[in-house]
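Can you make the complete structure from the sequences, with help from the hints?
Sequential numbering from 0 applies to the sequence shown in numbering that gives the first Met the number 0.
Since the hints were derived computationally from the structure, they do not count as laboratory data.
Here a beta-carbon is modelled for each residue, glycine too, at the ideal position from N, C-alpha and C.
Among the clues, some could well be false.
What the hints assert, rightly or not - Think about it this way: if two alpha-carbon atoms lie no more than 30 Å apart in a straight line, the pair counts; the simulated DSSO-like pairs of lysine-lysine are:
# : residue 1 : residue 2
1 : Lys35     : Lys117
2 : Lys117    : Lys161
3 : Lys117    : Lys85
What the hints assert, rightly or not - Computed beta-carbon distance windows for the label pairs:
# : residue 1 : residue 2 : range
4 : Pro7      : Ala133    : 18 to 26 Å
5 : Thr62     : Lys35     : 18 to 26 Å
6 : Val19     : Ser127    : 55 to 63 Å
7 : Ser127    : Lys85     : 49 to 57 Å
8 : Thr62     : Ala121    : 39 to 47 Å
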Amino acid sequence: MTERGLTPAEQARSAYNAAVRILVRRDHSVVELCRKLRTREHEEPAIDAAVQELLADNYLNDTRYAELYTEQRINKGYGPLAIRAKLRERGIDSHLTQRALDIAEADWPQLAAHLIHKRFNAEEILGSDQRSVARIARFVQGRGFSSSDVAQGLKAARSEVKERE
0 MTERGLTPAE QARSAYNAAV RILVRRDHSV VELCRKLRTR EHEEPAIDAA
50 VQELLADNYL NDTRYAELYT EQRINKGYGP LAIRAKLRER GIDSHLTQRA
100 LDIAEADWPQ LAAHLIHKRF NAEEILGSDQ RSVARIARFV QGRGFSSSDV
150 AQGLKAARSE VKERE
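Pasting the structure below:
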């Protein structure tokens with residue numbers, strides 16, 4: 000949508016309306032929303048005006064976005080490294096990311112153990128050969144867990160499997 004021929008106020012209103020339509024579907028960070036509005040060919044001053052109004056009305060809030068996104072990703076089995084990377088891509092400051100991770104109070108090794116149980120059977124979890132351990136470690140690290148979380152998670156998963164037997 001080109002905005003040539005519109006007054007600056009009309010351009011700002013057009014950008015605001017487009018932003019609201021985007022935000023109705025799901026929450027966005029400021030950076031994500033600005034990126035989407037640019038791809039829809041809104042002018043930079045109109046985007047800035049729309050974003051300022053959305054921030055003032057609390058329709059756009061990076062703190063809330065970081066907290067909700069963190070919670071959703073934890074529930075989908077992702078670790079802190081993956082969550083940090085995704086929030087960084089979405090323009091969330093590192094201090095807001097850290098705050099969201101702190102609020103979540105996740106037990107990362109336990110979440111890693113849960114992920115291992117979900118993906119691997121008891122025989123694979125108890126397997127002591129390097130290939131089995133490496134395969135599990137690659138999978139869990141690929142989901143954004145640190146090496147220490149993987150090691151502790153695998154230890155916990157093995158203990159749980161042994162208790163069940």
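Status of each hint after checking the structure:
no.	hint	result
1	Lys35 - Lys117	36 Å, violated
2	Lys117 - Lys161	16 Å, holds
3	Lys117 - Lys85	23 Å, holds
4	Pro7 - Ala133: 18 to 26 Å	59 Å, violated
5	Thr62 - Lys35: 18 to 26 Å	20 Å, holds
6	Val19 - Ser127: 55 to 63 Å	56 Å, holds
7	Ser127 - Lys85: 49 to 57 Å	34 Å, violated
8	Thr62 - Ala121: 39 to 47 Å	42 Å, holds
In terms of the numbered hints stated before, the structure departs from hints 1, 4 and 7, listed from lowest to highest.
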